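**Q** For reference, the chains in residue letters:
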Amino acid sequence: RKEMEDSEFDELIDDWFIESLKTYRDLYVYQLEFPTRVIEWTSGKTICVAGYNKSSKNEILELCLPQKLFAEEKKGLCAERDFKVLHGGFSPDPVSVLKHVPGTRLIVTNDGLTSDLQVWNLGGDDSDVITKVSSVQGSAGSPGGVKMAARISPQPEVLHGCRGGDVRLTQLTTGQTLYQLGKPLEGWLIQSLRDPSLLHFVSNAVFLAACANGDVLTVDTRTSSPPQLAPAPSMPDSDVWWADVSGRGGLIRVSSSGWAAVSDPRGPTGITRRARLAVGTPHRDSRDVNVLWAPALDDIVAVSGFSGAVQIYDTSSWQSEPRDSHPLFEHRGHAVCSQRREGGAVAVNCHLWHPKETRTLVSAAADASLHVWDWIHPSDAR
Amino acid sequence: MPEIKVTPLGAGQDVGRSCIIVSIGGKNIMLDCGMHMGYNDDRRFPDFSYIVQNGRLTDFLDCVIISHFHLDHCGALPYMSEMVGYDGPIYMTHPTKAICPILLEDFRKITVDKKGETNFFTSQMIKDCMKKVIPLNLHQTVQVDDELEIKAYYAGHVLGAAMVHIKVGSESVVYTGDYNMTPDRHLGAAWIDKCRPDILISESTYATTIRDSKRCRERDFLKKVHESIERGGKVLIPVFALGRAQELCILLETFWERMNLKAPIYFSTGLTEKANHYYKLFITWTNQKIRKTFVQRNMFEFKHIKAFDRSYADNPGPMVVFATPGMLHAGQSLQIFKKWAGNEKNMVIMPGYCVQGTIGHKILNGQRKLEMEGRATLDVKLQVEYMSFSAHADAKGIMQLIRMAEPRNMLLVHGEAVKMEFLKGKIEQEFSIDCYMPANGETTTVTTNPKVPVDMSLNLLKREMALGGPLPDPKKPRIMHGTLIMKDNSLKLVSSEQALKELGLNEHQLRFTCRVQLHDPHSDPDTLRRIYTHLKSVLKGYAIQHLPDGTVMVESIVIKVSSSPEEANTKVILLSWSYQDEDLGSFLSTLLKKGLPSGL
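Top line first, the protein sequences correspond to chains C and B. Throughout the first sequence, residue numbering follows UniProt numbering, covering 1 to 382 in sequence. Throughout the second sequence, residue numbering follows UniProt numbering, covering 1 to 600 in sequence.
Honestly, I wouldn't trust all of these hints.
[Said to hold, decoys possible] Below, computed lysine-lysine pairings styled on DSSO-like, alpha-carbon distance capped at 27 Å: (1) B:303 to B:262; (2) B:362 to C:75; (3) C:84 to B:426; (4) C:75 to B:224; (5) C:57 to B:396; (6) C:74 to C:45; (7) B:194 to B:475.
[What the hints assert, rightly or not] Just the calculated beta-carbon pair ranges, DEER-fashion: (8) C:295 to B:3: 53 to 61 Å; (9) B:425 to C:8: 38 to 46 Å; (10) C:25 to B:368: 23 to 31 Å; (11) C:135 to B:3: 43 to 51 Å; (12) C:295 to B:311: 48 to 56 Å; (13) C:8 to B:428: 36 to 44 Å; (14) B:3 to C:339: 49 to 57 Å; (15) C:135 to B:428: 23 to 31 Å; (16) C:176 to B:428: 33 to 41 Å; (17) C:339 to B:368: 43 to 51 Å; (18) C:171 to B:425: 25 to 33 Å.
Simulated from the structure, these hints should not be mistaken for laboratory data. The model shown is predicted, which means the values in this text are computed figures rather than measured ones. Backbone N, C-alpha and C fix where the C-beta goes; we use that ideal spot for every residue, glycine too.
Just chain C, same shape as in the assembly:
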């Protein structure tokens, strides 16, 4: 009977792959040794992934994407479809947050249990070993929930916040605190900042903090006046919110029940467009939902974390009155290929857009699968 089941699964997977001929320009499917919750670009062709096992040593890997993906004119003559492990290191702790400091070989990680940060050097051509450089002590007794944003200005700096509301800007080379969100915090601020979900540099002096309760704060580090508040959109059954402000589409917030709201980040009070996403069952567990604007496309956003799929939505058709929105595209590869596992389909841990290749994404699921895919817009598909 097992054999019959196996061949049925094989058929389903074959079906999906054949369908994928029309829906994907490129499709690469990998199986890592250990699942990752983080994917971060370290250059246009390299990514970092890391394990999050609480009871064993974890690996941090810098991988080079397959050459074929980037072979422009002579794509047909390039047969190289494999990932290359460029650098690797061992972390005694799980890695649940990882940020690359742009323009450097530094990455910053956090274990998801405390608010301490670890700083690593990815290494160069002379060695393939990722080594720990230093660490930044977080606030004592904080139960984690760390969110970060990293930049070079002109020294590498990281903006980090954790549950409890401690938000700081730390210079990585010296460990010096450059800025700390004013204390004592006013009551309403404590409420909002109890659990940050996103930190984002808006300009040299201004950053944005999105909070799990849906509030978004704009903080000007030059003044001591309280941050500007954009309150959570009022939507039913929306306890937890995730946000992104990285793309050209403005600020997008997505709630645990699948509501989405887009607004202007400079005046985030007025919500311009709303929709209800087709996410299926509401999000219940402690995993993060990932919502990310496409960096090279207008109004396109990718959402994962609700299920075994990564969904892509076109927000341009959304209006001020919320309506059901259907995904423009759905990457079901992780769920399809993991059907054989016990306990059903697997959840997607994270996904990431390629900074330049317009429709290329990388996504990872709890079964250690890692997919690189270039989807075709339905209107371009035959």
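Dock chain B against chain C, hints included.
**A** Structure of chain B alone, referenced to chain C:
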């Protein structure tokens, strides 16, 4: 301490030449004898002068083992055996033995007939070389000589690919060749016993890669074929008669069925019979699914795939043709290529590596104008696609194999050590074993700590039991006394009486004597009596006797007292004991040196 030495002679990478020399327990073994396909000069073969300066290889090597039929693993074999000179045994699996000479002959033709090189091995040399081959079956232990034994395991890389376990006494080495840890449409996954070799020697060309799934490679293939067919083009797939061709046919047949495609697929003549022949012969080497389909129906009774006739190439409309040879250097595939090359709607898909100098190699390097025979040039307008279907273990696969075999040391050949520090650290940490990465020509020496089994006589065991104490525990060392007899290649531990009897020897008594000077004003008999009294009080529970002949005996130890007339107060105490009582004897001499207590 015994040692195992490993020296890689070849260079790595896809097109490299694999050749590794292993010295184990006094035996020298050559693992693979590959050629480098990227060179035309001396560098193409391994440098055998490295192992023997003038003498013949036969005198140095005990055997040669070939892991699989790819030329980078067997291409230098006729050169080594017929031109350098080796008459000893060459081991390879049945499929490798069948396919290897075909590939060698094909390659010889390209090199000599096409490129006009001399100083290359001849067809006769290939035949003579193959006469020295002894075929291997999977999991069958083969005794090369009285001491050296080898055993082949399934490697899953190509039809007939094997890993090999080499054993001399209790020392052993496993050589993997190329292997694949994930089953595919026509081969199963590599497997090996938990054989705990002293060294596991693995290729490291793919050690730092994470492989794209097989299905995505297939998807890419189907996509390209489909695209070309859709626009009315013709697709040529040059293949080698065995290997990927079968896999790709199964794939296209399924695809045609599902997509309800009508374009004809042809299989070049000769290919079918040859492939059928080999697949029937070596069905046990393929994966379960293929074995099953073969039982149900002939593998090549396809609905959509038909035999090709050369006239079909001029038929209008789309079609797909599988044709030999795989590198477009001659024969049907080249003829069709010439016909179709001028049309940009058409496509050629190269599913594998091509040797330098072949048309296949040229078009894969992007060449668009080809010089043909008779000074004609051929404009290549058709689309060229290169695809790799090779099945190699990646970083994860290497870890899986280590977990399976549990080696005491790991050795990765053909890699850049600086690019693999992380992998080395990973292997050493996870398995607590050493990981070596010798450069080509560099020898790695691993000291082994072989277990030496010894038979113990029942008598000796019974005697040990009679002494009481805890029962023997295999995890705790215990000291036993006995005599070790090394005879007829075996070791026996027996009681000394039995050893004397067996070896026909007389027993000799060995005694130690020692003199202790003592200042004592008493007469000699009084001193002796005082010694007796003293020992009685110190050594409770020992048999101590004062004998009438003027001696004191403690167990086997004899004590006498004498003094010289000149110095009557200086007594000389003579102690004598058998070697069995060495501990007691030296205790007594130390005790008496301290003098006798005054109160006696």
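**Q** Does each hint fit the structure? Answer for all of them.
**A** Hint by hint, here is what the structure shows:
1. This hinted pair checks out: residue 303 (chain B) and residue 262 (chain B) have alpha carbons roughly 11 Å apart, not beyond 27 Å.
2. With a CA separation close to 16 Å, the supplied pair residue 362 (chain B) and residue 75 (chain C) stays within the 27 Å bound.
3. Proposed proximity of residue 84 (chain C) and residue 426 (chain B) is supported: the alpha carbons are some 16 Å apart, at most 27 Å.
4. Taking the CA atoms of residue 75 (chain C) and residue 224 (chain B), the gap is about 12 Å. The hint holds against a cut of 27 Å.
5. Taking the CA atoms of residue 57 (chain C) and residue 396 (chain B), the gap is near 16 Å; set against the 27 Å cutoff, the hint holds.
6. Between residue 74 (chain C) and residue 45 (chain C) the CA atoms are separated by roughly 17 Å; this keeps the pair inside 27 Å, and the hint holds.
7. Only pairs whose Cα atoms come within 27 Å are accepted, and residue 194 (chain B) paired with residue 475 (chain B) is accepted, the gap being roughly 21 Å.
8. A C-beta distance of roughly 58 Å is found between residue 295 (chain C) and residue 3 (chain B), which places it inside the suggested range of 53 to 61 Å.
9. Against the hinted window of 38 to 46 Å, the Cβ-Cβ separation of residue 425 (chain B) and residue 8 (chain C) comes to about 42 Å, which satisfies the hint.
10. Checking the proposed 23 to 31 Å range against residue 25 (chain C) and residue 368 (chain B) shows it holds: the Cβ atoms sit about 25 Å from each other.
11. Under the hint 43 to 51 Å, the C-beta atoms of residue 135 (chain C) and residue 3 (chain B), about 44 Å apart, fit the expected range.
12. The hinted window of 48 to 56 Å between residue 295 (chain C) and residue 311 (chain B) holds, with their beta carbons roughly 55 Å apart.
13. In this structure, residue 8 (chain C) and residue 428 (chain B) meet the distance hint of 36 to 44 Å, their C-beta atoms being roughly 42 Å apart.
14. For the pair residue 3 (chain B) and residue 339 (chain C), the supplied restraint of 49 to 57 Å holds, since their beta-carbon distance comes to about 51 Å.
15. A hinted range of 23 to 31 Å holds for the C-beta pair residue 135 (chain C) and residue 428 (chain B), which are about 25 Å apart.
16. At roughly 37 Å, the beta carbons of residue 176 (chain C) and residue 428 (chain B) sit within the given window of 33 to 41 Å.
17. For the hinted restraint 43 to 51 Å between residue 339 (chain C) and residue 368 (chain B), the CB-CB distance of approximately 45 Å keeps it satisfied.
18. Restraint check, residue 171 (chain C) to residue 425 (chain B): a C-beta distance of roughly 31 Å satisfies the suggested window 25 to 33 Å.
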